[in-house]
Amino acid sequence: MSAAPPSLAEVARRVGVTPSTLRRWVDAGLVPADGDGGMTAASYGHARVVARLRERGHSLAEIRAATESGKLATSYIEGLLPDADATWTREEAAAEVGLEAALIERVFMSLGFAAHTLDRLTDDDVQLLRYAAAVLDAGLPLVAFLQLTRVYGQAMSQIADAEVRLFHLYVHEPLMRDGVPGFEMAEEMEGLAREILPLASPIMEHAHTRFLQHFIEQDVIGHMEADLEDGAGGERVLGRLRVAIAFADLAGYTRLTEEVGDEEAVSVVERFVENVERSLPDEARVIKTIGDEVMVVGPDAGALLEWAVAFQDDLAARPRPRIGIHYGETLYRDGDYYGREVNQASRVAARAAGGEVLVTRPVVDQAPGEMAFERIGAVRLKGFAEATELFLARRRERRRGGGGRRR
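Throughout, our numbering is defined as the position within the sequence shown, counted from one, plus 231.
Honestly, the hints are just simulated from the structure, not real lab data. Glycine residues also receive a C-beta, built at the ideal position from the N, C-alpha and C atoms. A portion of the hints provided could be inaccurate.
Claimed, not checked - Here are the in silico distance ranges between beta carbons for each label pair:
1. I434 x E495: 50 to 60 Å
2. L623 x Y362: 47 to 57 Å
3. R509 x Y362: 28 to 38 Å
4. E560 x E495: 14 to 24 Å
5. E322 x D392: 27 to 37 Å
6. I434 x A369: 19 to 29 Å
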């Protein structure tokens with residue numbers, strides 16, 4: 232049984248305006264109502280958008296024009312999302328869940344929530360804090376928990392941003408181009424969102440489970456191989472990981488944007504990143520992309536080197552990428568890798584030309600036998616006092632009667 236539509240007084244209270252103001256917005260055609268002037272399920276979302284725009288100084292005439300053209304249609308989908316009343320203070324929430332108020336602030340800030348949201352918390356906010364308290368009580372160190380929540384916040388922020396932008400680009404804008412009236416457009420988009428939103432959580436939950444299984448397996452293998460490499464008595468520094476780091480970007484990308492335009496250049500970058508992700512060895516993954524640059528990390532320097540050389544050999548498209556690889560100990564924080572060794576890998580990539588794979592001595596030392604190297608020499612990289620020995624990597628040419636010797 233569907234819930235009864237909200238009353239005008241209830242919608243006005245939730246939006247924070249008087250019933251007479253809301254009635255004026257309905258009469259002006261800014262907020263939809265049923266045939267008798269009563270509220271509908273979509274009325275709250277529309278009224279909330281109008282209230283925000285009024286707070287920003289927009290006139291009713293400006294809002295009406297935007298409504299009629301359909302420019303505000305995406306905003307009305309917000310009415311489909313949970314909207315609980317904020318009834319808890321930070322101190323009340325702290326007493327309820329057993330966390331200090333200062334720690335609650337750290338949790339919310341690590342998730343990326345705005346500071347002012349701590350002034351009044353909802354029941355759902357308090358439930359989130361109960362989960363946080365349970366995780367900490369189970370024994371996860373606070374420093375690890377805050378890093379984990381920061382990763383969650385960054386990932387979910389990126390997902391939500393992509394959902395809104397893609398919905399706007401591929402649903403909202405086509406409807407606007409077709410000249411669909413404002414409220415009709417909003418109703419159509421709300422109907423589509425109502426069908427799609429419930430599917431988002433199961434898809435993300437399944438993807439999270441699959442990736443979690445994968446990285447647990449990689450962690451077990453990585454620990455075993457690291458113990459064999461370092462010896463059973465090797466002592467490790469907390470928060471540091473020894474990994475291979477590769478940076479790859481497109482040589483001449485700036486010139487490409489001038490020649491073909493921004494949209495085509497972005498398409499080239501998207502294809503490049505997709506090719507990298509699709510071709511990586513199982514144990515390696517893309518950590519981040521910055522413009523046309525991709526950062527890849529993996530536990531096996533030899534496997535990452537094989538991938539980089541094969542990637543260059545198989546890629547016929549222009550512009551050609553340039554790739555630099557280094558191996559060393561990094562600082563792991565918030566799902567990312569930091570430190571001198573990461574910076575060194577980036578500088579190595581910057582010295583490569585299009586189509587080249589440049590590597591450092593630690594990578595050469597772990598390379599498989601089918602790889603050959605041309606020593607470039609000891610090069611002074613930007614930001615490093617000591618020179619770095621660089622090598623140009625390629626696949627060894629097969630020779631009849633026996634293989635060549637690796638240089």
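So, going through the hints one by one against the coordinates:
1. I434 x E495: 50 to 60 Å: violated, 31 Å
2. L623 x Y362: 47 to 57 Å: holds, 51 Å
3. R509 x Y362: 28 to 38 Å: holds, 35 Å
4. E560 x E495: 14 to 24 Å: Given a distance of about 40 Å, which is not inside 14 to 24 Å, the answer is violated.
5. E322 x D392: 27 to 37 Å: holds, 32 Å
6. I434 x A369: 19 to 29 Å: Holds - the Cβ-Cβ distance for I434 and A369, about 27 Å, lies within 19 to 29 Å.
Consistency with the previously given hints fails for numbers 1, 4, ordered from lowest to highest.
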